[in-house]
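K.L.:
The chain contents come next:
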Amino acid sequence: MIDLMPPLPPALVMVLGALFIPALRGSARRSLLLGLPLLTLALVWLVPDGAALPAGFLDVQLDPVHASAEGRLFATVFALMAFVGGLYAMHQARTLELVAAYVYAGSAIGVTFAGDLVTLFIFWELMAIGSTAVIFAAGTDAAGRAALRYLLVHLLGGVVLMAGIIAHWTATGSLAVEALSPNSLGTVLMLIGILVNAGAPPLSAWIADAYPEASPSGTVFLSAFTTKTAVFALLVMFPGADILIWIGLYMVFYGILYALLENDMRRILAYSIVNQVGFMVCAIGIGTELALNGAAAHAFAHIIYKALLLMSAGGVLMMTGKRKCTDLGGLFQTMPRTAMHGIIGALAISAFPFTSGFVTKSLETAAAAHEGLLVVWLLLLAASAGVFLHAGIKFPWFVFFQKDSGLRPPEPPIETRRAMTIFSVLCIGLGLFPAPLYAILPYPVDYQAYTVEHVVSQLQLLLFAGFAFFVLLTQMKRTLTISLDFDWFYRKFLHALAEEFTGRTAEARDRLEAQALGWARRQIRLLYTHHGPHGILARTWPTGSMVLWVALMLGFTLLLYLL
Amino acid sequence: MSAQTHWLYRKQNRGKLWLIQYLILGLVLLPELFVHHHAHFPGTDFRLDAGVGFYAWYGFATCAAMVVAAKVLGIFLKRPDDYYDD
Chain R
249 MIDLMPPLPP ALVMVLGALF IPALRGSARR SLLLGLPLLT LALVWLVPDG
299 AALPAGFLDV QLDPVHASAE GRLFATVFAL MAFVGGLYAM HQARTLELVA
349 AYVYAGSAIG VTFAGDLVTL FIFWELMAIG STAVIFAAGT DAAGRAALRY
399 LLVHLLGGVV LMAGIIAHWT ATGSLAVEAL SPNSLGTVLM LIGILVNAGA
449 PPLSAWIADA YPEASPSGTV FLSAFTTKTA VFALLVMFPG ADILIWIGLY
499 MVFYGILYAL LENDMRRILA YSIVNQVGFM VCAIGIGTEL ALNGAAAHAF
549 AHIIYKALLL MSAGGVLMMT GKRKCTDLGG LFQTMPRTAM HGIIGALAIS
599 AFPFTSGFVT KSLETAAAAH EGLLVVWLLL LAASAGVFLH AGIKFPWFVF
649 FQKDSGLRPP EPPIETRRAM TIFSVLCIGL GLFPAPLYAI LPYPVDYQAY
699 TVEHVVSQLQ LLLFAGFAFF VLLTQMKRTL TISLDFDWFY RKFLHALAEE
749 FTGRTAEARD RLEAQALGWA RRQIRLLYTH HGPHGILART WPTGSMVLWV
799 ALMLGFTLLL YLL
Chain P
7 MSAQTHWLYR KQNRGKLWLI QYLILGLVLL PELFVHHHAH FPGTDFRLDA
57 GVGFYAWYGF ATCAAMVVAA KVLGIFLKRP DDYYDD
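One line per chain: the protein sequences are R and P, in this order. For what it's worth, the numbering used here labels the leading residue of the first sequence as 249, then goes sequentially. For what it's worth, the numbering used here labels the leading residue of the second sequence as 7, then goes sequentially.
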């Protein structure tokens, strides 16, 4: 049956289906919100391997629906994310946000199925538009400004990516999405364009700047797609590019240090996205099958536990209207379920044994050890401890425990708790039974996460990291501050520069204008002197002098004649 | 809701909470007596990871270092949180 039908592109079903959301109300809309991701998920697995729908456009051969193991893995978790995110957002989010989020999710799936760079680019840009609209849909002034800054960064990344694609195409004549190495203008530009979306330096600041300004549900959607499609693109296009190891390690520690300084609970989690994506980017740089499996599995698990953490934080924001650690605390007393889900997410992100983080992230550190990369391994190990420090303990501690803030908010609405329950179950389920996830990884897995030695080492690493947290707690007292980042250059420095420029050019223009006016006045005065009512050229002259001059001229002529 | 503060927040329980933490830490160090950690980089001079309690002290030391690093970075980077509000 399926073989006879042309396959439906999963991404298009999701993107076009999203456009029907505003037309529906009540239970019909709820069914669409939940049904659409499930239909997409089914299609993701029904599309046959390889090029399913080759299409010609102008002189270019396109391959818009191309199923691969990596693509299916990412598309699966994207569809799952849309389903649970839809459930979470259903009653809270504005219609604009829902449509934008589903278009965004659909285009992320489109990227994972792109067999050619043109299709990849089109969905890449559609994602930028969808995600900008998600931020904008929060409706506040701050969100509007953040959305604009976010869009500018992503349009810049998109332009660089497009330039890279064209340069690569003219140089090689190939538009295929395949493993490349960054050794030509085209490939380097493509790598830079993709890294912008991954949150790589120097433009990492956009994540913590924009994501926390979205609505509680909006941030959940945002955390999942953009950075992880970038991880997907790096995974299939630049596996084993050495520079990614160091870029990844930079991101890992950037995320930890900035999260440690941060006061806003959702910005803490946003910085920790950079940290987690750093692990994946580093593993892609290592580039062995074990490392690539690790990056893919970690991305899969990360989307789930990061969304869970942000749903928990979103629940707190929804019920208290507060997002700063300095205002929060003691919420476990009246929000025990939200706190529990937050703690499960926190344990999973810290890779505690029996959670999804443990069975996925350890593939990456193991890959570093296998390759004999001692420094990388030591840094990743320190970073794993640091994850527990900056997200695993810090988030639940400052939001749900620390001091008693006196706030006594109720639990968030039932659908949001259901959404959190699904992902909590997945975090622990994947940790206990990693086999189904290992089975859909791009390469065969020969790895045993659960050895006594590994469990013991990990527990020691994490619990002593936690001990460091409590010993140094007084050093981590939250302050009402933000931390400067690269965005300072475009938010303050360039702004000040532009103002200075405007001021100076306005002055210069005034001076020029005054000069021009003075010149014009002088000309007019000159004209007036000569041609005005008393000017020498416009005066009425007496007839007598006229006759005198004529007589003189005649006399002169006579004189000439006689001579 | 009881007017009394939750037992986690009562002063007299502070000591007990620390004690619980020390107990847990002691518990995870117990396996050091019988679990042998294998070296991740055999054939090199690096043997630290096979030593007793490596993961414990490494986790503690690196985290302390990161807190200090963040603290130092904070001196230069921290600004009031209305810094960008115009």
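Quick caveat, the hints were computed from the structure, so don't treat them as lab data. Remember, it's a predicted structure, so these values are computed and weren't measured experimentally. Backbone N, C-alpha and C fix where the C-beta goes; we use that ideal spot for every residue, glycine too. You may find that some hints are simply not true.
To be verified - Heads up, simulated DSS-like pairs for lysine-lysine below, C-alpha to C-alpha not over 27 Å straight-line: (1) R:K725 with R:K572; (2) P:K84 with R:K572; (3) P:K84 with R:K570.
Stated by the list, open to error - Anything over 10 Å on all C-beta distances counts as not near chain R; from chain P, calculated: (4) H12; (5) L14; (6) K17; (7) G21; (8) T50; (9) K84.
K.L.:
A separate judgement is required for each hint: does it hold in the structure or not?
P.N.:
For each hint, the structure was consulted:
1. For the suggested pair K725 (chain R) and K572 (chain R), the alpha carbons sit about 13 Å apart, so the restraint of at most 27 Å is met.
2. At most 27 Å may separate the alpha-carbon atoms for a hinted pair to count; K84 (chain P) and K572 (chain R) meet this at roughly 15 Å.
3. A C-alpha spacing of about 21 Å is found between K84 (chain P) and K570 (chain R), which places the hinted pair at or below 27 Å, so the restraint holds.
4. Distance check on H12 (chain P): its Cβ comes as close as 6 Å (rounded) to a Cβ of chain R, failing to clear the 10 Å threshold; non-interface status is violated.
5. Under the 10 Å C-beta cut-off, the non-interface status given to L14 (chain P) relative to chain R is violated; the minimum distance is some 7 Å.
6. The beta carbon of K17 (chain P) is kept farther than 10 Å from every beta carbon of chain R, the shortest such distance being approximately 13 Å.
7. Every C-beta of chain R lies more than 10 Å from that of G21 (chain P), the closest at about 13 Å, which supports listing it as non-interface.
8. With a minimum CB-CB distance of about 7 Å to chain R, T50 (chain P) fails to clear the 10 Å threshold, and the non-interface call is violated.
9. With a least CB separation of 4 Å from chain R, K84 (chain P) falls inside the 10 Å interface cut-off, contrary to its annotation.
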